[in-house]
Amino acid sequence: MTVVGEQLQPTLFERSRPGRGGDKIPHPPKDALDRIPAAARRVTPPALPELNEPEVVRHYTNLSQLNYAIDTGFYPLGSCTMKFNPKLNEWAARLPGFASLHPLAPDSVAQGTLQLLWELEGILAEVSGMKAVSLQPAAGAQGELCGILMIRAYHRSRGDTERDEVLVPDSSHGTNPATASMAGFKTITIPSAADGGVDVEAFEAALGPRTAAVMITNPSTLGLFEQRIGHLLEHVHAAGALAYMDGANLNAILGRFKPGEAGFDVMHFNVHKTFSTPHGGGGPGAGPVGVGETLLPFLPSPRVLRADDGTFRLEVVGERPTSIGRLRSFVGNTGVLVRAYAYLRAHGGTGLKQVSDDAVLAANYLRKRVGEAYDIPFDRACKHEFVASAAGIKKRTGVRTLDIAKRLIDHGYHPPTIYFPLTVEEGMLIEPTETESVETLDAFADALIAIAAECESDPELVKSAPHDAPVGRLDEATAARQPNLRWRPMAGAEMPCPD
Amino acid sequence: MTVVGEQLQPTLFERSRPGRGGDKIPHPPKDALDRIPAAARRVTPPALPELNEPEVVRHYTNLSQLNYAIDTGFYPLGSCTMKFNPKLNEWAARLPGFASLHPLAPDSVAQGTLQLLWELEGILAEVSGMKAVSLQPAAGAQGELCGILMIRAYHRSRGDTERDEVLVPDSSHGTNPATASMAGFKTITIPSAADGGVDVEAFEAALGPRTAAVMITNPSTLGLFEQRIGHLLEHVHAAGALAYMDGANLNAILGRFKPGEAGFDVMHFNVHKTFSTPHGGGGPGAGPVGVGETLLPFLPSPRVLRADDGTFRLEVVGERPTSIGRLRSFVGNTGVLVRAYAYLRAHGGTGLKQVSDDAVLAANYLRKRVGEAYDIPFDRACKHEFVASAAGIKKRTGVRTLDIAKRLIDHGYHPPTIYFPLTVEEGMLIEPTETESVETLDAFADALIAIAAECESDPELVKSAPHDAPVGRLDEATAARQPNLRWRPMAGAEMPCPD
Amino acid sequence: MPYGPHTAGDRERMLAALGIESVDALFADIPENLRASQLDLPGPEPELELAARLTGLAARNRTDLASFLGAGVYRHWSPPNVDQLLLRGEWYTAYTPYQPEISQGTLQSIYEYESLLAELVDLDVVSASHYDGAAATAEAGLMTCRATRRERILVSKAVHPHYRQTIAAYFGAGLEVDDIPLVVDGDAAGTTDLEALERLLGDEDRPVAGVIAGQPNFLGLLEPMAAIGRLAHAAGALFVSVIEPVSLAVLAPPGAYGADIAAGEGQPLGIPAQYGGPYLGILASTDALVRQIPGRLVGMTSDVKGRRAYVMTMRAREQDIRRDKAASNICTNQALLALAASIYLATIGPHGLRDVAAQGAARAARLETALAAVGAHRVHPGPYLNEFAVHVPDARAVHRRLIERGVLAGLVLGDILPDEPSLADTLLVCATEVTTDREIEQFAAALAAELSSHDVATHTELEVAR
Amino acid sequence: MPYGPHTAGDRERMLAALGIESVDALFADIPENLRASQLDLPGPEPELELAARLTGLAARNRTDLASFLGAGVYRHWSPPNVDQLLLRGEWYTAYTPYQPEISQGTLQSIYEYESLLAELVDLDVVSASHYDGAAATAEAGLMTCRATRRERILVSKAVHPHYRQTIAAYFGAGLEVDDIPLVVDGDAAGTTDLEALERLLGDEDRPVAGVIAGQPNFLGLLEPMAAIGRLAHAAGALFVSVIEPVSLAVLAPPGAYGADIAAGEGQPLGIPAQYGGPYLGILASTDALVRQIPGRLVGMTSDVKGRRAYVMTMRAREQDIRRDKAASNICTNQALLALAASIYLATIGPHGLRDVAAQGAARAARLETALAAVGAHRVHPGPYLNEFAVHVPDARAVHRRLIERGVLAGLVLGDILPDEPSLADTLLVCATEVTTDREIEQFAAALAAELSSHDVATHTELEVAR
Ligand SMILES: Cc1ncc(COP(=O)(O)O)c(C=O)c1O
Ligand SMILES: Cc1ncc(COP(=O)(O)O)c(C=O)c1O
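Residue numbers (the numbering used here), protein chains in the order written: chain A, 1 to 499; chain B, 1 to 499; chain C, 1 to 466; chain D, 1 to 466.
Only chain A is shown next, with the shape it has when bound in the complex (with noise of 0.2 angstroms):
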């Protein structure tokens, strides 16, 4: 139980005091540092704080008390697929033969993790259909900066350097314009149609010689698939621009589409929303790619390779040199992708489908039930999540999505994701996931419809809510205007309160 006079915890700093702590290593040698020169030494030793391990325990034990997170309950954030994450997979990533592996260790002596990595690879090309697929990018974000790489190296390879122009619908996420732009591309904004589709005749006005590619999310942001998917993919690859999908949402639709066979070029995982990897408060994840045929020769390096005698290997430097070299140091996040792997195996292809009819299943029986108070946008079937809104209940009583998100809070829930997609009025994203239980979805349903009713009868509450958080709504003004970035002992005026 975190106390209550401590919920509001001292920083590590004010916790310090000189002299404590330490002594979990022997000293050195008084002269381990002589042949060091001054001239490269430090001065003035970090001012770090000195505890004890008894205060580090406290200390990190109470702060997490005051964490939402899926071990303690329901958390419907929209587009982050926050599912179970499997505990023999944190206890898998500690087998010290894995968890004590060196990145640079030679093939011979790592092939049991080659062998994961391989088979993973094989794994996550027969979910999407894809010819092969690189684990290195670290994140959805990384690995989208792969796949857009691997298109530009693709276009200079047949000499086609006029492309400059990556298209992306206005629901999608954030980060395909945000990559775009970090491979130097324009972005060009295609609107959606009033089914939350892509605006086909938008798309193929947009459409030219100087469109390297497409972005995109499928299902969509707003929990839709893209229903005429085939028709854009065919005018893509007749205007000599590939297709990128942001396979983020692929929770939706394992053992129902393939990405690879329906047409598209090159695509990520999300394994942190898929397949269940912890999100661990904002990572890690890991964001492999996939690829057709046109794009295999550009992967990034190095890949993992089997030889005929079944033993595993590194590419080494330089040996395939239309790659577009590497995102990062070493492989990839490894210890994401032994739990990626256990997650998948224990699933197998029966289990992965079963994972998205129910995840499925359940977004709308919950879409249903939260319509029972809510406006529902796009009205027909959604996939793994749903957009409701509350642009009504703002309209009739002042009251907003993000107070609802706040009250969601005393009743014991994580909000949803809100105003996400942007192209949505109060928006929230609802994503319950296929490890909630129909009781916890009908209560979560009934916090909401209970909510709303709120919203009418005593408006204030919500608007003041959260009542029963650890704290109240934050002051992000001042926050962002005189921002506070790190601790410096300070005067109490300069200083909010400790509690």
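Any given hint could be a false lead.
[As the list claims (entries may be wrong)] Calculated cross-link-like contacts (lysine to aspartate or glutamate; reagent style EDC-like; alpha-carbon spacing at most 16 angstroms):
| no. | chain 1 | residue 1 | chain 2 | residue 2 |
| --- | --- | --- | --- | --- |
| 1 | A | K394 | A | E456 |
| 2 | A | K353 | D | D24 |
| 3 | B | K186 | B | D164 |
| 4 | A | K186 | A | D164 |
| 5 | D | K305 | A | D468 |
| 6 | C | K325 | B | E14 |
| 7 | B | K394 | B | D442 |
| 8 | B | K394 | B | E439 |
| 9 | B | K131 | B | E261 |
| 10 | B | K353 | C | E176 |
| 11 | C | K305 | B | D475 |
| 12 | B | K186 | B | D170 |
| 13 | A | K394 | A | E460 |
| 14 | A | K30 | A | E14 |
| 15 | B | K395 | B | E456 |
| 16 | A | K353 | D | D40 |
| 17 | D | K305 | A | E476 |
| 18 | C | K305 | B | D468 |
| 19 | B | K131 | B | E119 |
| 20 | A | K186 | A | E162 |
| 21 | B | K368 | B | D446 |
| 22 | C | K305 | B | E476 |
| 23 | A | K131 | A | E261 |
| 24 | B | K353 | C | E49 |
| 25 | A | K368 | A | E439 |
| 26 | A | K394 | A | D375 |
| 27 | B | K368 | B | D379 |
| 28 | B | K394 | B | E456 |
| 29 | A | K353 | D | D122 |
| 30 | A | K131 | D | E45 |
| 31 | D | K325 | A | E234 |
| 32 | B | K131 | C | D24 |
| 33 | B | K395 | B | E439 |
| 34 | B | K353 | C | D40 |
| 35 | D | K305 | A | D475 |
| 36 | A | K395 | A | E456 |
Don't read these hints as lab results, they were simulated from the structure.
Take the given structure of chain A and dock chains B, C and D with the ligands to it, following the hints.
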């Protein structure tokens, strides 16, 4: 964060849904049980709850957050030595070599653990000044039983069968008299003198040819060292009786007093107190027993032996016929002992002495500070703990120690042990241990002093505490009168509502 | 100090507040002639080096063998969430829930443990834990004496020898324990001798408080529990069943065959072997015996606001309240292991538990076949669940040599029961859901190899002798 | 379903509420011709079997070697409380703290991470984490371009080759990267060539946005960072220092020698090697660059009641707000690893961190002596902290054979830097506080044995050639 609406958790049984969960192991063949005769088979399957792993994890994560623990705050529970439990020790006990070793594994495959146990016996012998140590008892109380059974065996071995009494000071721990009874002895209670020590006159009067043993908790449960111990031991031995020291309070005197050197014949250790193995919400512990020369032949079996070639082995069945036999299966709570071993080696001789020095210094400092507002019945240097009393406050304000304890919860602290020992009116036994900082001691003292003031200014506030805990005071009378000791599906009215 | 917070300055400050120069002043009450000699101990050792030492010791244990050793402690698959939840400081760094308002986690978990075990054993009262199966069984024996005010119990010789030795130690003070012998041959060989039991119960001068028998028994065999219970009750004695909890998913529970008390070892419920403990002593009884049961009990009640809450109850049985009149001296128990068992049961579920038990039976049957095929046959004809004894010539030496072949071939019964001639040259072997086909094949092959070379050895000896 | 809660009944109920017969109806929006072929995958596999498979794979990795391999990833003692606290579900099963009211744990921990790292690097702004050292360094390069509105950076060839390759990939789109060569011989051999740097900076047509150099550099040598920084600044470029965080306990921090940005790999701060990640990309800058730094930033503020609280801030740099105008596309970062680093630093403390760094230096000095004694001498004369290159004839083959002798003899530099002829037949070796005397002796002895048999081999070849 344990969400408010879930603070009072549904039980596992209420969370259960038929058909949920499972599939952790492969299904057995259909005929697996055909060999079992019908008469031996279970007819009605046990109505165990059916949950999936996510629900289990949430259940126990949320429940855990309702607990106060050392890892969340200061826990000055007197007599229990709630010191920090080092995390290295948790790691060590889980090393597969230790954790998966079968207790009947032949000596040849158990050399690592046998060596550890053998070394640990030696360390405990050195700490206590005893000749030898058995690690078998599972807790302090079982160590006491072990010691008293050895004493009985000793007298019998000499044909001295008339000794059927055990002397126990009134300030002793409850396990002392309970142990004597369990071993078939009559308990003679010896009153304390005004200074908190044993009343020597009463003690000498009670000693006689029927006295088998005396059991002395030293330092006593009042936190006082038995100053007249030399005198007492002389008389005990002169009377042909043996002296047992309850060593549960050893945290006060490491490196300062060795019971074996001083003349005690037998003692037990509480490794879950002195050597910091975790208390586990009520256990496990371990209660090794040390003996002098006299009782050596009677130690429980098996002992850990070291051969001349440096290998280790367990005694075989029947090897030492004088043994009292065994108090439990196998060699002992080895997993607990691994932690104790790590603790002892981490500290070494100098570290252990410092432990006691710091524990005693902290207790005396806190005693001094608490004395600012409370009665201190024995106002002399205490050892690792001290008794304070609210008798004066109660007389003036009607507020009892129980109320003050509950009010401490609101201030963020675990209350001390209250009404223990039974001999002090409105007593509270406060043990800070050596792992709490002086800031924590001060803050706790400040809280106690503030509550003393509240008793005068707003006694109702204190009497109705706690106000900030997950639940309020409980209806213990009904619990005892109409015990509800297991879950059964009950009609709404029969059962307290879930929130 | 590895974990202490006190800086030199902190100590100075405290000493100054006490008006003393040195902490020695606080130890003046220890008589000078009784002050300790120095502590001559290894260390202190920094964590880094200590960790290396511990890793080295752990590595000296061989836990890589294909193991068929059970005999009261069983390998099972414990889903990793069990240990990960146990490692939460809120559980393992708390103590006895004396303050229920801030201990509802521990209290509810114990209440649930009581409920889960009550389902398994089919009895109403379950104590919050005892030290282990042996101590719980001894406490059960004492309970029968208190409840019947009689002073003699009967214990089947097929109860685990460690349990019988523990009972003997606990009963040394004036209470009597008699063995019930085993059936020597025939279909019931290796189980409790009912005729002998009847005879022992018939001694009217020495009325029996309780009869203790185990299911499955130490030799892995199924006992006629209902019959034993009927005989006990007919003589006015209470019936104590020593159970193995996983087996209760498929075997009749104590409540169903009339046991008054169930005791046993909870280790199989997700708890690692760790060379002997900490384990979980299970102790349960009928409602009628609730005031006799030792150990903690947690009950459901309500708080001042009428909200459901849990509290330790019926505390008047306990040592801290009743001192020498308490039902037992038990204080610290094995709460964390009760929690482990609860999490295990909640995770594995009723169907899973049944699968575990049935898989064990299936694996054991396969083991029986494999061993028989190489000439190691069962000792007893009766039914078993997942453990059985086999004849192996020169069992002790073969067992030792099999270790070199990577196999831990169960238990040499002659070592633990030296006074049972019928068990000389027998091994007690077991299988569970974690036993693989490969391990069984490895065992059978290694045994075949040993037995044939043993034949050779024996022949050679014979020849030499000629 | 291994983790799903839905029973057949639950599914029925949901379908009924939706008025459909089968879940297939919900997938009607997938065009028929584009529906997936079946998923041809292994499994599903029950946990028990999957656990055995994973244990088997892990066991195929050899992590038992005496390892002298560093090259950007270092073995250190991570006190067990670090991982045990990380394993709390409240940390690792939460996500980005979008809702600050129920995420103060994560938010405060990130604020503290920023503060701890700011102390280490002596710069004011620390981002909440990047993917790894390489990606953070590439982002640092992009920052210099944004901040200076120039399009060319210079990177020392002594920066980790993986970082340089990553920079190359990130810079492929119109931005330029030039290498700064290394000094070839003399006292400064193996460090960044200052004269060449000055020349490269002097190209007025191609103004330089940033200069990137590492301390210690990839070869373990200490660089003249202050001089590099002065040259960069004189040319109007920003100076990016690639740091190793443990070394900052004893080496001058970037802030002290005028770096504008520090980037680097946080793995040494208590994070296991795990074959490449997840690690921790450190990225820090001066206050002046705060609006250019990519990645999350957490600031201290207050809540409606004026209580201290923390929140993500300056979000207008991020992709979810600014889309194509964002400072980077980074979204999911490495928050849990930032937490690990914080817990490590809090536990080890400033004196402990200094001890770790100094112990590494002392162990490495011992390693140097031991290797020199068997004829493996350093390649470069300049000072180093705990990693250095040695000459070993036929390095690749010797390295391979040493594995058979239980030694992982660092890195074959010719493999990772094939285009540096001066590094052919050299090994990059490192020591840290966990390197034992025994390991060093084992390495030296094994190397001596290899070198003498190599001599033999070479002689034999020579003889044959004759
Ligand atoms: C649809 C979509 N695309 C891309 C991303 C970016 O992935 P990541 O956060 O792993 O970089 C996300 C997730 O956050 C996402 O939801
Ligand atoms: C003084 C004293 N003696 C004996 C005991 C009994 O030890 P245990 O609880 O380990 O049985 C205790 C602890 O609780 C104690 O404090």
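Item checked: Contradicted hints - numbers only -> 6, 7, 8, 10, 14, 24, 29, 30, 31, 32, 33
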